[in-house]
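Quick note, the sequences are listed as chains U and S, same order.
Per my numbering, the first sequence starts with residue 1, numbered consecutively.
Per my numbering, the second sequence starts with residue 1, numbered consecutively.
Please note that a few of the clues may not be correct.
Per the computed footprint, the stretches of chain U lying under chain S, defined by three or more beta-carbons under 8 Å from a beta-carbon of chain S, are [stated by the list, open to error]:
1) 104-113
2) 126-140
3) 156-165
4) 183-194
Pulled a few chain S residues facing chain U out of the computed Cβ check, cut under 7 Å [said to hold, decoys possible]:
5) Leu85
6) Ser129
7) Phe343
8) Tyr372
9) Ile609
No lab work stands behind these hints, which were simulated from the structure alone.
Where a beta carbon is used, it is the ideal one built from N, C-alpha and C, also for glycine.
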Amino acid sequence: MNIALTHLQRLEAESIHIFREVAASFSKPVMLYSVGKDSSVLMHLAMKAFYPAKPPFPFLHVDTTWKFREMIAFRDQMAQRLGFDLLVHVNEDGVRDGINPFDHGSNTHTHVMKTVALRQALDKYGFDAAFGGARRDEEKSRAKERIFSFRNAQHVWDPKNQRPEMWKIFNTRIAPGESIRVFPLSNWTELDIWQYILQENIPIVPLYFAKERPVVERDGMLILKDDDRMALRPGETVENRLVRFRTLGCYPLTGAIESDADTLEAIVGEMLTARTSERQGRLIDRDEAGSMEKKKREGYF
Amino acid sequence: MRHILAKSLAPTDGIREYMAAQEKKSLLRFLTCGSVDDGKSTLIGRLLSDTKQIFEDQLAALERDSRKHGTTGDDVDFALLVDGLEAEREQGITIDVAYRFFATPKRKFIVADTPGHEQYTRNMATGASTADLAIVLIDARQGVLRQTRRHSIIASLLGIRHIVLAVNKIDLVGFDQAVFDRIVEDYRQFSHELGFQTIVPIPMSARYGDNVTSRSDKTAWYSGPSLIEHLETVSVDDAAVELPFRFPVQYVNRPNLDFRGFAGTIASGQVAQGDEVVVAKSGKASRVKRIVAHGGDLAQAVAGQAITLVLDDEVEVSRGNLLVSPAARPQVADQFAANIVWFDEAALLPGRSYILRTETDQTSATVTDLKYRVNVNDFAREAAKSLDMNEVGICNISTRAPIAFDTFADNRTTGAFILIDRITNATVGAGMILHTLRRAENIHWQSLDVGKRGRSDLKGQRPAVFWFTGLSGSGKSTIANLLEKKLFASGRHTYILDGDNVRHGLNRDLGFTDADRVENIRRVAEVAKLMADAGLIVIVSFISPFSAERRMARELMADGEFVEVFVDTPFEECARRDPKGLYARALNGEIKNFTGVDSPYEAPEKPEIHLKTLGKTAEEMVEALEHWLNERDIAEDQYEAGGGI
């Protein structure tokens, strides 16, 4: 027998290996579940890694309270269907202070409702390892990050002083209070993700498929008016357009693209001829040069 | 319209065909390495750009960044595409490895762009450890440099067998063939003993794209392939499937009483349902009952697959063990020789205890003998007492428990390990196993009939090791001496190991360098262990300045037996007392490596007993020690009598 593994089989095996390594080496791991396509793939891989058992860790969703409504519905539906332990954390201080992306800008909103919220949740439960769905092809500071990425007790990443990471031998040792962020999808590309979703028939939030949706053109992006909290500025109108999302985050910060791709095959087809990167639809990456690295150093995923 | 990603071009069934074709593509992992400013990042930027992997928004950002940080005048600075950290863009250097992804119609590629600076060698090694091929860049104006050699040696040690010698910036030497030929000859001369299977030299200009994706008409004298042509066709067949079956057990999956599966990734070979397998460390045989996978059991599986095995019977297997082919078994030993690449600013010291980690196993290990260091310029084997950061050496290693392994030459997965610092948890070194040491094969533990318990019962006591640590002149010997007198008077069997006395005999050959201090403590700890085994109460009075060695000593002893006593006297007070006149001489520079003066003292963080000596008499402090010992004995007696605390 001489079977060459396919590209996706190799990626899948690498990710499963990483999941198991964490389960074997840490006392309190958690999976960060952001409800997007990468999280869907991550969840699918976690299910595979521990089959016939369930993943031996809970899933944590840091809810900024500004996610698309369809994301929240999908999240709850998946938790019920797969029977995993879902924790939802909201930064109540931020809610009390009324932090929102419209009045405070994407930077402050993301920092308070995402980065700080995440640190609160990690401290609250005492997690020592947290899985995230980040990929190295997404952004250039992510291209630099280890698969097992060390965080000190203040959740800070020190990109200039990362532990060497040799072969598949991962250094999982940490002192009390320190933690490791783990990225099983490090070596996947956006195209790999879509091909895998297609191959494995993995459920994803319907927002990824093209549909007529009410959008507003603002700051060069198409923003879906997901609820009444979004007030129109002078001159703005809501139009129904055939759109879909390439990446999902907080609805006021996530741009839709005009597309008629309403099947997975059509999405992959669109991907193949894409001329812009997926993070182009994310307002938060454009705030300033090196903004992702800065957020990551502070504890953002 | 910018919100439009692209028109859906292909009909749906075309996508399925396209994906099937994608799936047949092979994957090549390679790295770019070489000295600073040889153009590694520029080459990757060029590859990504010429293979259409850069999106429009990324190109726009690149143009913006080039104006701000660029080093290429008005041209786009491709290095900024991979130098993703702010510090890298500001300083115009590569600090850490970046991974980038691209594909051509023939192959998929993962490329690791690694830093050229010597101080970041560990990040180059990180990128090389998972690569099958290395592109070694050379600046045509500079020729083969020290870092070219260092990176080539490390690539070779880490098992890379295919080299592309990219003689870059050929435009700056007027596309001169003579320059190219001379550099290629130099490199071949130097690398002939590195065991590379292929070395393909290509004259190149990464900045202008000559011979990168297509052959350049400016190098008409060159008849070889362009870089991409070579990368698309070079054969780096993964031979792991052909090797004997090796399955490092990573995780025991036991959701309920009816299921016990061994999860892991097949390191080499293949396995089928019904195959006989052997547990490497115990030699126990069993048979594969099921190969469990989500979506249905598999009939067989091959190297690289992450699976779960269920065995026929209840053999004892846990994480760190290997399931292997009965016909070709790995070595199981606690002593072996290995190549070591050292990463840490604190040098490797023979005798110091580190944590050794293989893919799934972990134990403590010491380097028993640093045989030599390799000079990266001429491969000379040099005698060395320690390995500094970025140095390469050959060592004998001794582990606390035996591990199962193959030589690295036989198996890149089961022959590799890393070393971790016990205190900082930093990854301090990488190792490639060369061979088992014959002495380990021939020396076995002799089992003896009279045990430690019998020996200590006969003396009517429980063994203990009081480990006094503190600066010279802190009062260790005075307190130790008084403690022994008191214990002796109460009928206990004791022995003092004194730092100065032991240096007159057992440790006469050792000086005061860090390496010798580590060996000094290792020997004393082993002697203390033997004495505790003989049932004695041992009092060790050594400066023992490093926490790593004190921790090593602690781990040698049985639980509850090691009592770290921190004799805490401020430096100024020790220097004032100066009973042996040593401080005066050290402060004058007459004595080198004096603890507290020009050699560090790492104070204990959590000693069992912390003696702050200022304003206390020796008697008061000895009382505290006696009290501790009595409390421990009472507690242990109660524990044994009552079966609990």
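Status of each hint after checking the structure:
no., hint, result
1, 104-113, "violated (count 0)"
2, 126-140, "holds (count 4)"
3, 156-165, "holds (count 6)"
4, 183-194, "holds (count 3)"
5, Leu85, "holds, 5 Å"
6, Ser129, "holds, 4 Å"
7, Phe343, "holds, 5 Å"
8, Tyr372, "violated, 22 Å"
9, Ile609, "violated, 23 Å"
Comparing the model with each earlier hint shows violations of hints 1, 8, 9; every other hint is respected.
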